[in-house]
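> Protein chains in written order, with my numbering: chain F, 4 to 429; chain V, 327 to 569.
Mixed in with the good hints, there may be bad ones.
Claimed, not checked - A few chain F residues that don't get close to chain V, going by computed Cβ distances all over 12 angstroms:
1. L29
2. D159
3. I332
To be verified - Pairwise CB distance ranges (calculated):
4. K21/F / S482/V: 41 to 49 angstroms
5. D530/V / R415/F: 36 to 44 angstroms
6. V303/F / A457/V: 53 to 61 angstroms
7. S446/V / A386/F: 53 to 61 angstroms
Calculated directly from the structure, the hints in this document are not laboratory data.
Ideal Cβ placement from N, Cα and C applies to all residues, glycine included.
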Amino acid sequence: MSQPVILALAVKSLRNRKFTAALTVLSIALAVLLLLGVERIRHESRESFAATISGTDLIVGARSSPVHLLLYSVFHIGNATNNLRWDSYRAIAAQPEVAWTIPLSLGDSHRGYRVLATTPDYFDHFRFARDRRLVLAQGKGFGDERDAILGADVADALKYRPGDPIVIAHGAGDVSFSLHEHHPFKVAGILARTGTPVDRTVHVSLAGLDAVHENTDQGGAADPLAAVVRGDRHAGAMLASTPRAITAFLVGLKSRSSALSMQRRVNEFSAEPLSAVLPGVALQEVWEITGAVEKTLFAVSGLVVIVGLAGMLVALLTSLSERRREMAILRSVGARPVHVFALILGEAAFLTAAGIILGVAALYIGLLAGQPWLESRLGLFIALSWPSVYEVGLIVVVAAAGLLIGLIPAYRIYRYSLADGMTLRI
Amino acid sequence: MPIQAPVIELSNVRFSWAAASPVVVDIETLRVANAERIFLHGPSGSGKSTLLGLLAGVVTPREGTLRVLGRDVGALGGAARDRFRADHIGFIFQMFNLIPYLSVVENVCLPCGFSARRRSHATLAGGTVEAEAVRLLDHLEMADADVLRRPVTDLSVGQQQRVAAARALIGAPELVIADEPTSALDADRRSIFLDLLFRECARDRTTLIFVSHDASLSPRFDREIPFAQINRVPSPAVAENAR
């Protein structure tokens, strides 16, 4: 019977202390926003990373650490220290367990976007996000060696349409003084958006890239040795255009079960030092590296939640002494000590709930507003999905902590009201 | 309830705050009849407020029997006493009677939130609890639109006491206990307040226990009880041991 009265009293009493209540709600909301935001970005970045490559059993490159190989070949983060020889690639591709291979050659760029030279196999076999394949949104695939296929972001940002000429440059920088101007490519097709680094990549054929570099040679630009000294990543290609060198290649096996034995064979490849990595294992290593940072962020946001709730505790406790009179009045009109207890607990519950609702709302508004930025700057596509079970769990923990903290002032006022009864001492 | 049955009946009631601490209230007998207007007076610290606490069931006697409206209050459990108080007793304190964040009408309606009995009485009398609150406020000359709209903290002390009186009276409790409700008012306002309170109590035949240290009010009541005469504990001892 009196529950609605207590609830109404709690809400009205908070409204009477709007300013403190609003500040308390705000601090809880920010804490919840931080906690869920960190968790959401952590989770989504993992999802997004994991979705970048799918269906590839092995990534093979020159000898390096698995994480490094994975990052430069698939995520286009960092650069390869060495190339691998074309005949090594052919030798491994010819193994009976191998179903398909995709050679990758990196090192050039177009206005800040990486250029990836590959073969049409790339569009046949490359999979991302649980077996989705690359799809052309406009134009067509590789026709001749001057064709370029653009990722969605490249086309959007630079406003390219099929048929436009593009000139690629040496190196990965935004500005390069070594433009391959005499060998322009032509935009043949534009890929549909994938939410992976593919969107920010210019794809050309290996043959096209070789043609570019041969032309450079004819222009007399380079003594091959000087190119090696400069750290020119196409040095291999220039030194011996057939067989060429590539940066890395992706391998699809006929049977998953041969992945480990194949990996061992590549690692023991005698002609040159190579590394083969299982993408999942390498990703796991990435998570191990980032895990410590994530844990720290999580701990910090957890502490912020505690600080937010402690703020509520302080606000409620400081209001108590001036509210003893109010409690005595309530007792005189028939409120039981448990009602007085429920009133303060109800206020804590209301503040916590309002903080959580505001925090979650802010998270979604933030995600909605920040989505394009995160996607274009970090390549992180964050889907606006319902809170995950884990996130709901976090929310429940915050709510429970809020109630638990509310028990402290509620119990104190309960004790006061038992002791004070209706004596109104000012 | 038969008219003759006493509303309040105490016999050999002794009270101390803790088992080992000195007795602060020791009353051999006290009877108050229905619709009686009692003026209870005595110096501050003489234990009057403790007696009111006993009547209200906030504290229970260590010895003796205390019957209010025929119920042995001392024998009831805490929750039952709270419910009994909500249903049957209206309170007016000396000052600061009102919940600052509630409106005038919400303050008056408050007891009906805790007592179904008083809510049904109020609904019966006024149609709705709110209408009954406004009606009572009107009787106490407090129903101007301007007054009803104002935050209770903006009201004068006299106005606040009338709102408190309306709250004590809503839902027709049998017993109204007023603990020095006029001590913050000047003589004229005190007299007006008493007129209004008496009129309302008379209407529902409400029993009124009015506590004050101001003996000049005594002639206006049916009966005067000097607290020092009924409490067998001498005042100074009470004052010393009062919490």
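> Each hint: holds or not?
So, going through the hints one by one against the coordinates:
{"no.": "1", "hint": "L29", "result": "holds, 21 angstroms"}
{"no.": "2", "hint": "D159", "result": "holds, 55 angstroms"}
{"no.": "3", "hint": "I332", "result": "violated, 6 angstroms"}
{"no.": "4", "hint": "K21/F / S482/V: 41 to 49 angstroms", "result": "violated, 25 angstroms"}
{"no.": "5", "hint": "D530/V / R415/F: 36 to 44 angstroms", "result": "holds, 39 angstroms"}
{"no.": "6", "hint": "V303/F / A457/V: 53 to 61 angstroms", "result": "holds, 56 angstroms"}
{"no.": "7", "hint": "S446/V / A386/F: 53 to 61 angstroms", "result": "holds, 56 angstroms"}
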